[in-house]
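Residue numbers (this note's numbering), protein chains in the order written: chain A, 32 to 390; chain B, 32 to 390.
What the hints contain is simulated information worked out from the structure, not anything from laboratory work. Don't take every hint at face value.
[To be verified] Once the Cα atoms are required to be at most 30 Å apart in a straight line, the calculated DSSO-like pairs of lysine-lysine come out as:
| hint | chain 1 | residue 1 | chain 2 | residue 2 |
| --- | --- | --- | --- | --- |
| 1 | A | K159 | B | K51 |
| 2 | A | K283 | B | K272 |
| 3 | B | K51 | A | K69 |
| 4 | A | K248 | B | K302 |
| 5 | B | K69 | B | K248 |
| 6 | A | K283 | B | K283 |
| 7 | A | K262 | A | K248 |
[Stated by the list, open to error] From chain B, some residues computed to sit far from chain A (all C-beta separations above 12 Å):
| hint | residue |
| --- | --- |
| 8 | R229 |
| 9 | L282 |
| 10 | D322 |
| 11 | I363 |
| 12 | G369 |
| 13 | I379 |
Idealized CB from N, CA, C, for every residue including glycine.
There are 2 protein chains.
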Amino acid sequence: MTYNEDTIVSSLHSLHDLSKALNSSLDISRVEEMILHKTSKLMRSPKVLILLLNDKTKSLNIHNALGFEPSELMVHTFENIQPFDHCIVHKGSVITIDEVLSPADREIREICPQLFEMLFAPLEIQGKAYGLLGVMGRKKNFSRIDLEIFCSIGSQAAVAMENAGLYAKLHSTFLHTAEAMAEAISSRDPYTGGHTRRVRTYALQLAEKLGLNAEEKNALRLAAILHDVGKIGIDDAILRKTEQLTAEERLKMSTHPRIGARILGYVDEMKAVIPGVLHHHEWFNGSGYPDGLAGEQIPLQARIIAIADAFDALTTDRPYRRASTAVAALDILARESGVHFDPELLQIFRALQTAAQAQ
Amino acid sequence: MTYNEDTIVSSLHSLHDLSKALNSSLDISRVEEMILHKTSKLMRSPKVLILLLNDKTKSLNIHNALGFEPSELMVHTFENIQPFDHCIVHKGSVITIDEVLSPADREIREICPQLFEMLFAPLEIQGKAYGLLGVMGRKKNFSRIDLEIFCSIGSQAAVAMENAGLYAKLHSTFLHTAEAMAEAISSRDPYTGGHTRRVRTYALQLAEKLGLNAEEKNALRLAAILHDVGKIGIDDAILRKTEQLTAEERLKMSTHPRIGARILGYVDEMKAVIPGVLHHHEWFNGSGYPDGLAGEQIPLQARIIAIADAFDALTTDRPYRRASTAVAALDILARESGVHFDPELLQIFRALQTAAQAQ
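Sequences are here, hints too, so could you generate the full structure?
Right under this line is the structure:
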């Protein structure tokens, strides 16, 4: 069989598009979405599956899928995957379901007969298989070129998923480390309270509702985690005092947003995070600190964190008072609407928390 | 012109290999190395160039190259790159040097005539060009398929470089943030001293000399940055005391490695970092804390950090004494060889610092 130049150029083009698409993001869910859709298109198959190997249980689990009815995905775990494993590791190329299942795998054959029209390509990184990419194939209807392309999809999908996974892991290490350190700083006692984590959660709930984009949410998340980092510069005596602070002590305490902004100022990539840290003690009526900003002069990040911070403070035990209930805390915040807090944001937050309480 | 199946399968295979190779690492220098070598092989060209656009100066600079003589790379900046820019942005495909250079670009033609046998493919991300990939081409000797493959290489190279760049940026944000926070914690005063940064530098110099692998160096780097994070749990009164500590105060002070390990214990991904943090105050003769480990029972990370930490403490001003010179500090450390410090490591460190002083 021979092909003209156009056919080849078009195949090369498809593969080029594929690789560009699969690697164009380090966001794991976008990468998987892309894998499913591109595979479906290039293999002219409406049904695509990503199966991942669970190293501990040695089973293959359906991780993501396109075009299947829920009922078809009922069997979502494949035990006894030695035959899969064998084929993946030793052949390293496309295999059909018939090659994969041993005659003993009756159960799967019976429950899910349509699987028998599937092709699988290994997802492997540096010779180690960690899953399979499957398409519903028109059996015996694939050319050598189709199989070559499918194998290429599998191998590129594996690489793209691996990269996105590495990025996600680094990101989570970063956030968790910042959170553990921030928590230790804000409480001067390692990780007892979880205040940092809760403020971050409340802030992101608001951000979700406001429809902030991914970049804005990332910056807000970090600002929420790091908002009290400047407390490192406040003396123990003030920080741990359970009675009311004197005017002088309050003045010292009120330097913490500037100290926090200064610490983060040493990190170039933290520019987007500083507004929330520097201004989370501004009041909506202009009577807060450090700059006495009012209304929408106060960065959105800071207005969100102010609400999240106050709500968490009210709903947790402090040395000098017991926690309020969520309902009582929302009432207390409401009295400060337009005074301390942004009224619009507060209304949205109230609705969110009321709904959460009702569940 | 027609081709048989084998030719096509082999082209597809090359492209598949390429994409797998280019994306198989998020380490920018490995990615670039791979781009240069794979391009050279696939395009059958011994000379390959990566040119990057400097957005501010609007010039193209030679960023990396394979197979060129140093003299050929003398002209390493191309000013006046509007014609490049034009071609890249508006054509988005392979261009020859003749299309790129305006007739006025005499200077480049004269200085570097061999450039005229080059082909360029744009490096672009989401429609924005940030550079060119160039190969020394046998003019008019490339088939349409070659051009298609070259274009694909360019586009995949761009994506791989972008991903590696994003990963590197996140990694540096993480390290810088950890460093800024650690510095603030260890000095209870935001980023005055740079102790954290210097300990990290000394520790990594030792690691380099010892031939630790990338993973070990990463863990050591973080442990060096975070070694004193547990000081967050020590009272101001003890931390800031300029006179000798009492026995009771020393006891409290000596809890900081455990507190640090506990803080990092909340971060799953930090397991590899804890040994350095927990044991950086162990002594080689077993008389240190918290566990009184001796000799090689003390994790390597911790033995390295102990030397780096002590050397930096001696060579910087403290409230209660002036800095020693590097030479004097090395003598002081030498007296503690086998007592406080690992003799072998100390000898290597001494040689490193002596060499650094001699420069």
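Verification of the hints:
1. Taking the CA atoms of A:K159 and B:K51, the gap is near 14 Å; set against the 30 Å cutoff, the hint holds.
2. The hinted pair formed by A:K283 and B:K272 meets the criterion: a straight-line CA distance of about 21 Å does not exceed 30 Å.
3. A threshold of 30 Å between alpha carbons decides the hint, and for B:K51 with A:K69 the separation of about 17 Å falls inside it, so the pair holds.
4. Straight-line distance between C-alpha atoms of A:K248 and B:K302 comes to about 28 Å, which keeps the hinted pair within the 30 Å bound.
5. With a C-alpha separation of about 28 Å, the suggested pair B:K69 and B:K248 falls inside the 30 Å cut-off, and the hint holds.
6. Between the alpha carbons of A:K283 and B:K283 the distance comes to roughly 26 Å, so the proposed pair stays at or under 30 Å and holds.
7. Restraint check for A:K262 and A:K248: the C-alpha separation of about 24 Å stays at or below 30 Å, so the hint holds.
8. Non-interface call for B:R229 relative to chain A: holds, since the shortest CB-CB distance, roughly 15 Å, exceeds 12 Å.
9. Against chain A, the non-interface label of B:L282 holds: every CB pair exceeds 12 Å, the least being about 18 Å.
10. Once the 12 Å rule is applied to beta carbons, B:D322 is consistent with being away from chain A; the minimum gap is 19 Å.
11. At roughly 31 Å from the closest C-beta of chain A, the C-beta of B:I363 stays outside 12 Å, upholding its exclusion from the interface.
12. Every C-beta of chain A lies more than 12 Å from that of B:G369, the closest at about 34 Å, which supports listing it as non-interface.
13. Non-interface call for B:I379 relative to chain A: holds, since the shortest CB-CB distance, roughly 30 Å, exceeds 12 Å.
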